[in-house]
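Trainee: Protein sequence lines correspond, in order, to chains A and B.
Going by the UniProt record's numbering, the first residue of the first sequence is number 1, and it counts up by one from there.
Going by the UniProt record's numbering, the first residue of the second sequence is number 1, and it counts up by one from there.
Honestly, I wouldn't trust all of these hints.
When chains are identical, the list treats them as one kind, so a pair holds in a single copy or across two.
Computed cross-link-like contacts, SDA-like style, restricted to lysine to any residue with a CA-CA straight-line distance of at most 25 Å [stated by the list, open to error]: (1) Lys108 / Glu129; (2) Lys108 / Ala66; (3) Lys34 / Met134; (4) Lys34 / Gly48; (5) Lys108 / Ile39; (6) Lys108 / Cys124; (7) Lys108 / Ala67; (8) Lys34 / Cys50; (9) Lys108 / Gln70; (10) Lys108 / His126.
Simulated from the structure, these hints should not be mistaken for laboratory data.
In this text, all values refer to a predicted model and were calculated from it rather than measured experimentally.
Here is what each chain is made of, one letter per residue.
Number of protein chains: 2
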Amino acid sequence: MTRWPLPEPMQAALEQARCAADEGEVPIGAVIVKDGAIIARARNAPRGTCDPTAHAEVLAIRAAAAALGQERLEGCDLWVTLEPCAMCAGAIVHARIARVYYAASDPKGGAVEHGGRIFDQPTCLHRPEVYSGMGEGAAAALLQDFFRARR
Amino acid sequence: MTRWPLPEPMQAALEQARCAADEGEVPIGAVIVKDGAIIARARNAPRGTCDPTAHAEVLAIRAAAAALGQERLEGCDLWVTLEPCAMCAGAIVHARIARVYYAASDPKGGAVEHGGRIFDQPTCLHRPEVYSGMGEGAAAALLQDFFRARR
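So that you can see chain A by itself, here it is in the shape it has in the complex (with noise of 0.2 Å):
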């Protein structure tokens, strides 16, 4: 049997995820793609960095923001490891990411889906096309490993 490949971006969040975990910090990652390449990666570092604000989505922003130079980022697309909070959501929003991959969902803390989804509220200025679920398994994984290792 061949299982069908991850896209490599969603690769790319992984392999943050696995940083983050190595570094003591919850196991999440994110890409940004700009016309079909990366243009920022981060991993989740609010422990590392006295951050609360240090989400992968919101670093990752950060970085592709300060990169192009510009507020927003208007035809980029967000991969992520898993659902965005409610911050990182509104993050999204501000920076009018086109679309958003997210891998894991996330029915403690995710507002996609679940919470404030944020992206459904008549009052949301802005609304990314969102796909989910490609890479849960492994995204999955990494945090209850991570979770598993720490009780």
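Use these hints to put chain B onto chain A, whose structure you have.
Mentor: Same frame as chain A, but now just chain B:
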């Protein structure tokens, strides 16, 4: 008639908002208070910094966490001139801010008493105390003047 004075942290947040307007940014300001002292001041800066996450609240939280050398801001209060959006409300949760004081409410972009109502979600991990309205006239006037001048 003696008008009851605004609490000093809200005066400081409004001063930050005025600075933002002078810099061509949407005039919103925030400060963080710990043990009665202001430990961080920030203003909206997404254009100047090419960073869509650079809202006053996020910048104040990041500055306070860096100043304290810790990821969480337990026991700290956030004073801000406008109802926080979903991104900022999420950052407030992650930072474990104890109390949020905001001046004007924001039916379009707010996510505390509007939209995603982040702190009211059953899955919300931390609920700050929330107080609103003090200074709302001054905060709203700053925003109205800013947008009127740009129309």
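Trainee: Does each hint hold? Answer for all of them.
Mentor: We went through each hint and held it up to the structure:
no. : hint            : in the structure
1   : Lys108 / Glu129 : both (22 Å within a copy, 21 Å between copies)
2   : Lys108 / Ala66  : neither (31 Å within a copy, 27 Å between copies)
3   : Lys34 / Met134  : within (19 Å within a copy, 44 Å between copies)
4   : Lys34 / Gly48   : between (28 Å within a copy, 22 Å between copies)
5   : Lys108 / Ile39  : neither (30 Å within a copy, 32 Å between copies)
6   : Lys108 / Cys124 : both (22 Å within a copy, 8 Å between copies)
7   : Lys108 / Ala67  : neither (33 Å within a copy, 30 Å between copies)
8   : Lys34 / Cys50   : between (29 Å within a copy, 17 Å between copies)
9   : Lys108 / Gln70  : between (33 Å within a copy, 24 Å between copies)
10  : Lys108 / His126 : both (24 Å within a copy, 12 Å between copies)
When the structure is compared with the earlier hints, violations turn up for hints 2, 5 and 7 and for no others.
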